[in-house]
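Trainee: One letter stands for each residue in the lines below.
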Amino acid sequence: MRLLIPVLLLAFQLGAIVHARFVPTRYFCWAPYDTQTDYTATAIVNGRPLTAREFQKRYRRPQHGFDNRSPQHVIDMLQQAEEKHAARGDQTTIVVNYRVNGKDPREWHWPRAE
Amino acid sequence: MNPRPPVASSTTPSWNPLKTTGTDLPVNLAILVKVLAIVVLIVNHVRILPDPWLSFIPWIDRLPAEPFQRTLQAVFVISAVAIVFNRRLRMFSTILGATILLAVVSSKAYYGNNKTFCGLMFLLAGLYKPGGPPFLRWQLAITYFGAGLNKAMDADWHSGVFFENWAVHRLHQSVYITLDAILPPMVLAKFMCWSTIVTELATVPAILIPSLNYWAVLANIFFQCSLCLFTGTTFTLFFYSMTACSLAFVTWPDAPMRVFYDSDRRLFVSLRRFFESWDVDGRFLWTDNGARGTLSLQAGDRRYSGFQAARMIVLYNPVTWFVLAASIAVLEDVPGPAVLCRRVIVGTALVLLMPPLAYLSDLCFPRRDPERRAMVRTVES
Numbered sequence: 001m002r003l004l005i006p007v008l009l010l011a012f013q014l015g016a017i018v019h020a021r022f023v024p025t026r027y028f029c030w031a032p033y034d035t036q037t038d039y040t041a042t043a044i045v046n047g048r049p050l051t052a053r054e055f056q057k058r059y060r061r062p063q064h065g066f067d068n069r070s071p072q073h074v075i076d077m078l079q080q081a082e083e084k085h086a087a088r089g090d091q092t093t094i095v096v097n098y099r100v101n102g103k104d105p106r107e108w109h110w111p112r113a114e
Numbered sequence: 001m002n003p004r005p006p007v008a009s010s011t012t013p014s015w016n017p018l019k020t021t022g023t024d025l026p027v028n029l030a031i032l033v034k035v036l037a038i039v040v041l042i043v044n045h046v047r048i049l050p051d052p053w054l055s056f057i058p059w060i061d062r063l064p065a066e067p068f069q070r071t072l073q074a075v076f077v078i079s080a081v082a083i084v085f086n087r088r089l090r091m092f093s094t095i096l097g098a099t100i101l102l103a104v105v106s107s108k109a110y111y112g113n114n115k116t117f118c119g120l121m122f123l124l125a126g127l128y129k130p131g132g133p134p135f136l137r138w139q140l141a142i143t144y145f146g147a148g149l150n151k152a153m154d155a156d157w158h159s160g161v162f163f164e165n166w167a168v169h170r171l172h173q174s175v176y177i178t179l180d181a182i183l184p185p186m187v188l189a190k191f192m193c194w195s196t197i198v199t200e201l202a203t204v205p206a207i208l209i210p211s212l213n214y215w216a217v218l219a220n221i222f223f224q225c226s227l228c229l230f231t232g233t234t235f236t237l238f239f240y241s242m243t244a245c246s247l248a249f250v251t252w253p254d255a256p257m258r259v260f261y262d263s264d265r266r267l268f269v270s271l272r273r274f275f276e277s278w279d280v281d282g283r284f285l286w287t288d289n290g291a292r293g294t295l296s297l298q299a300g301d302r303r304y305s306g307f308q309a310a311r312m313i314v315l316y317n318p319v320t321w322f323v324l325a326a327s328i329a330v331l332e333d334v335p336g337p338a339v340l341c342r343r344v345i346v347g348t349a350l351v352l353l354m355p356p357l358a359y360l361s362d363l364c365f366p367r368r369d370p371e372r373r374a375m376v377r378t379v380e381s
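Chains A and B are the protein sequences, given in the same order.
Take the first sequence: its letters are residues 1 to 114, numbered as in this note's numbering.
Take the second sequence: its letters are residues 1 to 381, numbered as in this note's numbering.
Just so you know, these hints were derived from the structure itself, not from any lab.
C-beta: ideal position from N, C-alpha, C; glycine also.
Check the hints yourself; a few may be wrong.
[What the hints assert, rightly or not] Computed from the model, here is a short list of chain B residues facing chain A with C-beta under 10 Å: (1) P50; (2) L54; (3) L127; (4) L136; (5) Q139; (6) D156; (7) Y214.
Pulled out of the complex, with its shape left as it was, chain B reads as follows (with noise of 0.2 Å):
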């Protein structure tokens, strides 16, 4: 019945980098790190690692440049290579956080918002101890927490002066500008700046409730999306960092999720054969269940069908995000259509990704799932 193993069964991780199973961290953290190992090695973030120049702690100034500069791009693609091909993430990750960790402090050239976050993800998702408290989640809280804070203690935050300035001089933001000139003066800005700060603080509870854990992360992906659209910049590494977080709120079945789908429907057969061509982990088992115009994905004790259910089976397979990231990582410093690029990748990810599109297209073209009616007839009746 079942010829595939359980994916949790897998104990042996393996050198293929779009595999996530048999590390020694969660799936979901094994994505995460897996996806800014990717990133950090494609956009050669490791030229820019700095020797040490007016750092934060002082006896680092005093360390040899070139072998502290040296020594840490080397500790940094190795870290980063070895968690791209699933060697002991939980230590290399560690390893990177801290050297990326350690960069930050060692020059103000090189500090950035950016990269602590980033060092930050890869530590503590090394430091991830199973039953511990929520670190992740609570750096993820913090950092909102003071974005939030600081933009609602800034008088240009509240006048508007920041956007205004930022959007129309520094970014030269069309669509923004062609808005600004219809409005009254300073109402968008204001309207930016304040739903700025609001999205910020609103999202910190959204992060540290547990029940509210779901509009956190589509929260934060929004608003990361929304910046990336407006700027056209991942803002180097924060869109990733921040985007990536929200991996932490997520739990992947341990076993394998069962797809039920109509085998007689040609449709289902070439989503079957396009959807197994990528799942390289095996997370999914098809499985025809003989009822005609259905497509169910049994995730754990979530049930997802229609549109729903394609959707999950995309979120569920790690390989997305890799591809996701890759793609938007490899423009970075594309001269030309880099932007426009970025911002289809992201729009389009928004788009087909978050829940409104499957629940439109599931209300629109209602499905015959028998299960899904004998329930709505219980519910009714």
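Chain A on its own, in the form it takes in the complex (with noise of 0.2 Å):
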């Protein structure tokens, strides 16, 4: 056990490094600090717009905010917060505008388009 931990974990993490090439997530690659995404977000849930502080409550993080890492990595923690709410019938908008390293502003919506 004492190698083969070590060894599953590193073997983990290199196939991270070569899967995060393929992916807009960056989940245990190492890439720390790479990306600055600012963003403001709002959310209505079935019809009501929620507060700041109800957003930090439903997706633990600031509604008007920064990560330092992957876009994708907010717009993540949304989509799969609101995919459990949606299996309780909350009927929820989310519209993010975001700048991954204060390029062009960007715009994420949930639900998406089909």
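Using the supplied hints, reconstruct the complex from the two chains, each of which is provided in its own coordinate frame.
Mentor: What follows is the structure in structure tokens.
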């Protein structure tokens, strides 16, 4: 076990580094502080806009803020949280305006257009 | 002749948190895990350990939230305290590392490279096998490889856009902004981006090739300290974990190290009194060699003299690392001048403990070391 566990952990990380070349996320591939995302998000749940405090509680991140990794990490958290809430019957729309490394603004919507 | 027993003969671990003898880990790894345990306790990291939320392993989300979080917190604190007080370091390092990694995979809100790396340091140190593969070093190599590769493949790092935005708009780094205004547009940003990429990628072979390990340690310490000085932050646990990982490259001599000094000189007597006052492990055996004007240290088969000897006495004393880590960690959430104080501590340690100052001091104030002079004469002849 004292050999197997470290070998598996290191192999997993090497796999994650290779995997990161093909996806927008950067989990477990050692890309800290490689991208700066600043964003502003609004969420309307069952017809009612969330306050900043409600937003923080629901998505565990501020309504306006920064992320030091891929912007996809912010999007992942919002999307996956909403997928869970949707299973409970919530009707939610989210709009995220964000910029990556200070460049042109981008927008992300939930639910995504088919 | 030798009033102190060899350090390695101490088989019972002490409850004194400043001591590192008698544990079930080699001294360097004992210092590594104790430094990190001290840090996680001081910064009160336990308060941000999560309940399951958008976990990377789906079944964790189904576990009851509060019992899960409370269990993590209890195991975390018990393990960290046990490590600080030298109780079964190997076992508690493994448990603490596994706890942090479980927290990392159980919540995307908690996930972070710094926590992952810290957890891996504890876990890999706990799983240490004498004579086994150097997993901690390989972990550092993978980390630098991943970080360097990701930047090398990113257009915003090629052009300097990342650094310009980060330093100017996020950090408001005054030194950078001043220099940036003097230089042509994006020159400084490109330089910072490319020097980071080159440093990170060049450190990888230095870690993996044993003869280059000395340079790997210097590069790692210098790079992480530079980041801390530039940003004023420790990136939660990243600064502590990355710098502590350098200890995985160092072997502490088993026997007490002999320090030769001239007891006729008050300066050396004062130095001896000062250094002995915090040599809680009894790692140094001070011996009057009667030679005037010399201070030298015999550490295993390495001999240091003059300022280098003084520097190595500080570096080989585990208390140095505990005090440094604790003094930086205690500032973590302190409002006011914490950033300045952190920079002063890191900058001072970097200047005093890295090789150049001692090297230059020895050049400027040549010592009268008979053995060294004899050696020089031999080489010259």
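Trainee: Flag every earlier hint the structure violates by its number, smallest first.
Mentor: 7
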